[in-house]
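**Q** So the protein sequences, as listed, match chains F and U. Going by numbering that gives the first Met the number 0, 447 is the number at position 448 of the first sequence; the sequence numbering is gapless. Going by numbering that gives the first Met the number 0, 26 is the number at position 27 of the second sequence; the sequence numbering is gapless.
Hints are computed from structural coordinates only; laboratory data are not their basis. For each residue, glycine too, the CB sits at the ideal point set by N, CA and C. Check each hint, because a few of them may be wrong.
[As the list claims (entries may be wrong)] Residues from chain U that keep clear of chain F, each with C-beta distances beyond 12 Å, as calculated:
no. : residue
1   : Thr31
2   : Glu108
3   : Gly135
[As the list claims (entries may be wrong)] Distance condition first, Cα-Cα at most 27 Å in a straight line; then the derived BS3-like pairs of lysine-lysine:
no. : chain 1 : residue 1 : chain 2 : residue 2
4   : F       : Lys249    : F       : Lys405
5   : U       : Lys77     : F       : Lys89
6   : F       : Lys193    : U       : Lys77
[To be verified] Incomplete in silico selection of chain F near chain U, CB under 10 Å:
no. : residue
7   : Tyr153
8   : Pro157
9   : Arg161
10  : Asp211
11  : Lys221
12  : Glu224
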Amino acid sequence: MNKPFDPVSASAAHRIQREESAGYDRRVIDYIHHAAASGLYEIRGLGAKRHLPSFDDLVFLAGSASRYPLEGYRERCTTKTVLGTRFAKKPVELDIPITFAGMSFGSLSARVKQALGRAATALGTSTTTGDGGMTQEERESSKTLVYQCLPSRYGFNPDDVRRADAIELVIGQGAKPGGGGMLLGQKVNPRVAKMRTLPEGIDQRSACRHPDWTGPDDLVIKLNELREITDWQIPIYVKIGATRVYHDVKLAVHAGADVVVVDGMQGGTAATQTVFIENVGIPTLAALRQAVEALEEMDMRGKVQLVISGGIRTGADVAKALAMGADAVSVGQGALIAMGCNHDSWFGDGVAHSAESDYAVLGTAPGFCHHCHTGRCPVGITTQDALLEQRLEPAVAAKRLKNYFKTMNMELTTIARACGKSNVHNLEREDLVALTIEAAAMANLPLAGTNWIPGA
Amino acid sequence: MESVMLDRSPATTRTFDLEGGSTRELNQFLHTDLAASGVRRVEVLNPKGAHSIAVGVNHPVEIDVQGHGGYYLGGMNKHASITVHGNVGWGVAENMMSGMVRVKGFASESAGATGHGGLLVIEGNASLRCGISMKGIDIVVGGGVGNYSAFMAQAGRLVVCGDAGDALGDSLYEAVLYVRGRIKSLGADAREEPMGAADIAGVGDLLRRAGLAYDPAEFKRVASARQLYHWNADANQEY
Ligand code: SF4
């Protein structure tokens with residue numbers, strides 16, 4: 000039976016009554032309600048959640064008729080990586096080009112730092128301290144430990160400088176370039192407070208600028224001081240949060256860095272203002288291209304090594320970063336996830352224990368958690384709570400980290416061989432094309448199936 | 000007196016002339032050969048404002064720098080006792096752990112920045128950010144200090160015999176500041192407090208060690224009001 004024509008059907012009327020605004024969608028409404036209720040901006044962990052042009056938007060052109068691939072399982076493909084060949088008498092030698100990013104004791108428990116060290120040692124790679132000094136646990140468990148020198152200088156001391164394998168002077172972090180560290184009171188337990196010389200339980204907001212130098216000319220002198228203290232033995236890295244990458248990389252090289260670390264805006268954090276995470280800095284893809292250009296223009300590629308970080312998650316990401324010109328990558332958030340971040344369970348005594356109710360207490364669920372700032376990490380990673388931290392067994396966590404990095408490394412060599420490279424560092428820009436115009440423009444690569452490089 | 004005489008005997012003194020030599024040679028000696036050398040005093044001639052003089056020393060030794068030093072003189076010092084017979088650039092004794100650094104002249108910015116221990120004496124004036132982020136060091140300034148001194152100072156004591164500039168002790172933690180002269184302005188969360196008996200004794204001891212003959216009772220005490228230790232939206236805090 001035909002219904003009479005109804006110019007405004009009931010369902011259409013219903014939809015019109017519920018039409019969502021693009022400008023004031025539920026996300027924005029929630030944001031305004033939260034601001035109105037609390038008078039305080041949102042602070043959270045994890046990195047940028049918004050969609051960004053990324054390594055996912057690139058694909059490889061492997062061997063075919065014009066160039067031939069290597070046998071997947073029979074022909075060698077080396078992954079050895081050396082960082083700090085410019086001035087250091089003892090460069091950092093790694094078996095793989097994948098390293099652990101700097102994460103602080105304070106944001107992470109001492110057990111996590113130990114797990115990272117154990118895994119790094121087993122993998123033949125390096126791990127890095129963070130904004131809270133060097134713990135005995137991580138020094139003992141790490142064969143190669145990079146010691147960060149941050150604006151706060153919490154726990155920074157010459158004895159640890161002397162037992163470091165490299166120094167990383169941190170100018171900025173991808174999640175918050177231009178911002179200082181943050182550690183909320185719940186995580187400032189007696190040990191953390193003592194290491195940082197702070198009162199227990201305070202909401203720590205650290206400085207964003209270094210206390211004893213300002214600007215690129217001073218940086219030259221500061222790096223020289225660190226070299227003098229370490230007798231020019233170990234590499235000095237400079238880490239920048241990705242903003243004006245092209246200029247910053249040039250300045251870091253000019254200042255005498257052995258290694259430049261560029262951290263893009265997808266980089267993680269344990270506690271930062273959401274407005275900062277989502278709105279400051281540029282994507283890792285764009286940052287990497289600018290960093291490589293700066294090095295090439297200075298004729299410093301291969302002389303000053305480039306480490307890229309910020310949203311490196313898979314072996315494909317590593318391969319793409321190397322092909323674009325990075326010498327190594329650093330992984331932070333991915334490492335936490337490998338240890339069980341956002342997992343529904345934690346593992347103790349060989350048994351899985353559900354953590355769902357603990358996520359629920361935080362108002363979240365596995366897969367959506369970004370609550371590192373609370374110190375109530377349901378799986379015992381980003382916590383200083385004596386009970387919660389027991390949920391992470393260093394041996395188990397180290398094994399998982401090792402598996403994750405091994406997987407990425409195998410994926411990397413799989414792609415490198417397919418591209419005909421017997422050394423992962425021989426991957427090149429020629430091997431890549433972009434899937435989107437944005438990625439093509441940012442990475443300065445042709446759009447797939449064309450010779451078109453936007454802006455070139 | 001006797002030990003000083005002994006220290007200054009030629010057999011236990013080693014001289015580095017930076018006119019012909021380099022800071023590199025000096026620091027390498029201080030780091031690797033000093034301990035076994037029997038040298039108890041090192042004299043640095045013609046520093047001419049060179050940077051990173053005597054950084055990272057980890058041994059009890061007397062070092063006399065005969066002239067002006069550049070940035071980071073005595074940086075990260077442990078155990079050594081360093082005297083500069085001149086002025087210094089930025090970050091003198093930055094991150095010092097122990098020992099002593101004495102500047103006979105003036106010091107530029109960020110003197111004693113992030114220092115964890117030891118005593119820094121500046122007989123003249125110190126510029127901006129003196130004692131920034133200090134973490135336990137004691138600093139005595141014979142003259143005045145510039146703006147933003149003791150910014151985010153976490154622990155230790157800063158004694159200023161002259162005047163202090165703007166925003167003294169901004170975002171102060173547990174460090175305590177003592178000023179004899181005028182304080183142009185206090186920074187956020189810093190407040191003046193009455194001098195107690197322990198303050199008088201402490202300042203007296205520091206002045207004695209610095210060789211400055213002022214009466215501790217003339218000093219004002221500045222410490223943290225601890226209002227910025229926790230987030231508080233209703234207090235209109237600046238974040
Ligand atoms: S599971 Fe733990 S580490 Fe992961 S986001 Fe939540 S609080 Fe942070």
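**Q** Checked against the structure, which of the hints given earlier come out wrong?
**A** Per hint list: 1, 2, 3, 4 violated.
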